[in-house]
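Undergrad: Given next are the chains, with one letter for each unit.
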Amino acid sequence: MQVTAKDSADLRLGSLEELEKLRSELRAAEDPDQTKIIVCHGTGCMANNSPAVTRALREALAKAGQDIKVMPGIKTTGCHGFCSRGPLVIIKPMNIFYQQVKADDAEDIVQKTILNGEPVVRLLYVHPQTKETIQTTEDIPFYSGQQRVVLQNIGQIDPTDIQDALKAGAYAGLAKTLTTMKPSQVIEAVTKSGLRGRGGAGFPTGVKWSLAAKHKGGQKYVLCNADEGDPGAFMDRSVMEGDPHAVVEGMIIGGYAIGADTGYVYVRAEYPLAIRHLEKALADARAYGLLGQNILGSGFDFDISINRGAGAFVCGEETALMRSVEGKVGEPVPRPPYPSDKGLFGKPSVLNNVETWANVSRILDKGADWFASLGTAKSKGTKVFALVGKVNNVGLVEVPMGISLRDIVMKIGGGVPGSDHFKAVQTGGPSGGCLPWKDADLPVDFDSLIEAGSMMGSGGMIVMDDRDCMVDVAKYFLGFLEEESCGKCLPCRLGVPRLRETLTRFSKGEGTLQDIDDLYSMAEAIKAGSLCALGGTAPNSVLSTLRYFRDEYEAHILEHRCPAGVCKDLITYSIDPEVCTGCRACARACPQGAISGEKKKPHAIDESLCIRCGMCMESCKFGAIQVS
Amino acid sequence: MKPAVDIDVDEIMERYPGRPEYLIFLLQDVQAAFNYISPEALALICDYTGVPVSQAYAAATFYKSFSLEPKGENLIQVCLGTACHLKGSGLIAENLLRRIGLDEPGTTEDLKYTVETVNCLGACALAPVAVVNGAYQPKVTSPKLMKAVEKLGAE
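The listed protein sequences derive, respectively, from chains L and B.
Just so you know, the numbering used here puts 60 at position 60 of the first sequence, and the rest follows in order with no gaps.
Just so you know, the numbering used here puts 641 at position 13 of the second sequence, and the rest follows in order with no gaps.
There's no promise every hint is true.
[As the list claims (entries may be wrong)] What follows is a list of derived Cβ distance ranges for each label pair: (1) B:GLU778 <-> L:GLU118: 42 to 48 Å; (2) L:PHE345 <-> B:ASP636: 38 to 44 Å; (3) L:ASP576 <-> B:ASP738: 58 to 64 Å; (4) L:GLY529 <-> B:GLY646: 37 to 43 Å.
[To be verified] Derived lysine to any residue pairs resembling SDA-like cross-links, with alpha carbons at most 20 Å apart: (5) B:LYS767 <-> L:MET617; (6) B:LYS767 <-> L:ASN49; (7) L:LYS328 <-> B:GLY762; (8) L:LYS328 <-> B:ARG647; (9) L:LYS328 <-> B:GLU649; (10) L:LYS347 <-> B:GLU649; (11) L:LYS488 <-> B:ALA686; (12) B:LYS775 <-> L:SER619; (13) L:LYS347 <-> B:CYS674; (14) L:LYS328 <-> B:PRO667; (15) B:LYS699 <-> B:GLY762; (16) L:LYS328 <-> B:CYS674.
Source of the hints: derived by calculation from the structure; they are not laboratory data.
Heads up, the beta-carbon is just placed ideally off N, CA and C, and yes, glycines get one too.
All chains, full assembly: derive it from the sequences and hints.
TA: So this is what it looks like as structure tokens:
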């Protein structure tokens with residue numbers, strides 16, 4: 001239901017009362033019993049063609065036309081999180097959860113569910129272990145184990161419709177802030193809530209703000225770090241795509257608290273949909289008087305603009321990010337001075353990550369005590385993780401701080417395909433480390449993870465199984481950081497490649513145990529000498545895998561063997577004659593002509609010609625190709 | 629991926645004030661319009677923003693999304709994010725490069741293909757992922773990707 005307006009001037013809300021009046025009108029205009037069809041239009045589902053499902057549903061509804069008493073609305077939302085089951089369709093108010101929906105299923109959904117109130121059984125979720133068919137979202141273990149604070153509106157609201165966001169409570173925290181609190185009280189509340197930065201380092205947000213607030217008067221800036229560069233992480237993208245107003249609201253509150261009138265969001269250019277939704281949210285918020293001059297008639301001015309990143313991982317580091325916003329090369333600068341004293345354009349600045357800003361909105365809405373009641377003694381609230389890799393339920397999950405790795409991976413994540421355990425869980429992106437199965441009961445909070453040799457990071461959580469080689473994983477992250485090092489300081493520029501070269505030798509079965517000792521001393525030098533966290537944390541992947549998987553390193557060095565069967569130079573491909581049907585698919589795929597055999601008879605690989613490209617394995621439909 | 633010929637650099641510059649902090653915005657828009665940043669365009673942007681050519685060149689070569697050489701007609705991106713890496717995207721990229729005749733990611737001499745590796749597209753549920761001219765290829769394999777690329781050549 002759209003509240004119509006004659007022109008944009010009419011939309012401006014001049015006070016808290018006007019905002020709450022509009023909110024209650026919008027809520028009253030909505031019939032909670034009306035059927036609604038929700039289609040996930042997050043990046044994952046879109047890539048799986050959910051827009052085609054939406055179109056097909058519209059057509060099917062139009063076709064059924066007169067038979068439907070009250071036409072249901074179709075709402076497209078941000079990411080529901082259960083990406084491996086997409087495209088997802090939810091029917092409200094019953095909360096029927098349909099997964100892996102195709103355009104061809106639209107007809108059945110309309111005919112059975114919309115017209116007759118019956119579920120389409122083949123589209124329901126089946127519990128992989130108990131084989132039980134589950135009808136509603138809240139009964140699916142992937143969702144029931146979560147606690148949604150930051151993600152509370154995502155999947156519920158249309159992120160491009162500010163009225164829908166207002167119905168869900170958007171800007172309530174801001175209104176409260178501007179009308180009933182002094183800036184110092186806002187900082188007090190954020191400090192009291194115990195919120196720590198969700199970008200990785202976990203610095204107390206309230207402390208950061210108070211450092212910038214103590215500079216009285218003059219130009220200050222608020223920034224949002226949306227340069228989500230960690231591979232395997234997409235939490236921030238989903239928040240911006242699915243609930244951009246939560247980020248905008250948090251930033252305005254931050255600006256009010258520290259006395260800034262200008263904000264910047266620095267978004268990775270690889271996230272076009274997030275940028276579009278943010279732009280729309282900013283324009284709508286301005287039209288409604290929630291952003292710009294004299295917000296809600298309070299006399300407070302604040303506006304936000306968007307900077308697109310240009311492809312540099314190091315720009316996720318705060319000083320590098322600020323240089324990039326200034327239009328310069330994104331190289332970090334030494335701290336101090338800290339950005340809270342001299343940040344963007346040399347002015348006091350506060351930079352927080354997307355998830356942190358979204359948490360600020362919730363804290364000011366529901367109160368510091370409520371937030372402090374979630375999580376553990378030193379890590380308050382919840383954390384959003386991108387749960388990916390060798391796990392059944394790939395997707396986005398939000399859990400209270402302090403939950404165990406086991407609960408996240410085995411319960412919410414539904415376990416590891418074909419195994420009753422994980423080999424390692426990697427957290428913290430390239431700066432983090434790998435945690436082994438024996439630490440499955442480790443509570444996931446800032447301090448426990450650091451103690452265990454990893455870190456929280458921004459929220460990537462990559463599950464690995466026995467077929468993943470820890471030497472290869474460490475080598476992968478070092479290669480990533482070598483590529484992304486800005487090259488300004490020597491320990492990072494030269495040290496990271498040296499580490500990577502040593503691991504490359506291991507992966508070929510070369511090297512000695514002395515090299516392992518050398519890795520430790522190089523790691524120490526790189527940690528101590530690097531200018532920013534990119535270099536300072538670069539050795540973590542090596543150190544944590546050495547700590548927990550030293551035997552695997554030794555197998556490479558001493559036995560010239562890759563136990564996981566990954567390192568190219570240490571493996572051989574062969575064909576299982578029992579399984580091979582002689583279909584010739586592998587022989588056709590082999591770029592080396594290394595596979596021979598008669599048609600319909602088992603084939604064989606000539607090892608001297610094989611370049612271990614894996615094409616035979618990918619083309620074999622029978623699983624006859626073995627790696628040893 | 630054809631450059632839009634009806635846009636010139638002057639029009640792009642009109643979108644922003646002529647100040648140094650708009651350098652990256654301008655480079656991005658020029659890159660998007662022409663598929664690369666020519667020396668002439670770089671010089672015009674420098675005049676307009678007051679940024680020395682040396683600094684603009686540093687920025688244009690520092691950030692991965694800028695290219696000083698024209699890109700190919702077809703853009704193929706292979707994701708090398710962690711989830712994709714674990715599911716074999718490294719081999720998929722190698723196999724594609726070998727098939728296209730490139731030693732490393734880049735553009736073929738005939739300007740037909742550009743192959744890029746990207747750090748993470750955030751579509752980890754679909755790993756391994758490749759993007760061919762903007763279309764996602766979920767759960768891609770070397771044979772599947774090669775077929776998709778061959779189709780481009782046939783068109």
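Undergrad: Work down the list of hints and note, for each, if the structure agrees.
TA: Structure-based check of each hint:
1. About 45 Å separates the C-beta atoms of GLU778 (chain B) and GLU118 (chain L), a value consistent with the hinted range of 42 to 48 Å.
2. For the hinted restraint 38 to 44 Å between PHE345 (chain L) and ASP636 (chain B), the CB-CB distance of approximately 31 Å leaves it violated.
3. Against the hinted window of 58 to 64 Å, the Cβ-Cβ separation of ASP576 (chain L) and ASP738 (chain B) comes to about 42 Å, which falls outside the hint.
4. In this structure the supplied range 37 to 43 Å holds for GLY529 (chain L) paired with GLY646 (chain B), their Cβ-Cβ distance being about 40 Å.
5. For the hint linking LYS767 (chain B) to MET617 (chain L), the alpha-carbon distance of about 15 Å falls within 20 Å, and the restraint holds.
6. For the proposed pair LYS767 (chain B) and ASN49 (chain L), the alpha carbon gap of about 14 Å is at most 20 Å, so the pair holds.
7. Our distance criterion of 20 Å between C-alpha atoms is broken by LYS328 (chain L) and GLY762 (chain B), whose separation comes to about 29 Å.
8. Distance check on the hinted pair: LYS328 (chain L) and ARG647 (chain B) sit about 12 Å apart at the alpha-carbon level, within 20 Å; holds.
9. Restraint check: the Cα-Cα separation between LYS328 (chain L) and GLU649 (chain B) comes to about 7 Å, which is no more than 20 Å; the hinted pair holds.
10. A C-alpha spacing of about 15 Å is found between LYS347 (chain L) and GLU649 (chain B), which places the hinted pair at or below 20 Å, so the restraint holds.
11. Distance restraint check for LYS488 (chain L) and ALA686 (chain B): the Cα-Cα separation of roughly 13 Å lies within the 20 Å cut-off, and the hinted pair is therefore satisfied.
12. For the proposed pair LYS775 (chain B) and SER619 (chain L), the alpha carbon gap of about 12 Å is at most 20 Å, so the pair holds.
13. Distance restraint check for LYS347 (chain L) and CYS674 (chain B): the Cα-Cα separation of roughly 25 Å exceeds the 20 Å cut-off, and the hinted pair is therefore not satisfied.
14. Between the alpha carbons of LYS328 (chain L) and PRO667 (chain B) the distance comes to roughly 19 Å, so the proposed pair stays at or under 20 Å and holds.
15. Distance check on the hinted pair: LYS699 (chain B) and GLY762 (chain B) sit about 15 Å apart at the alpha-carbon level, within 20 Å; holds.
16. Note on LYS328 (chain L) and CYS674 (chain B): the hinted pairing holds, with a Cα-Cα distance of about 13 Å set against a maximum of 20 Å.
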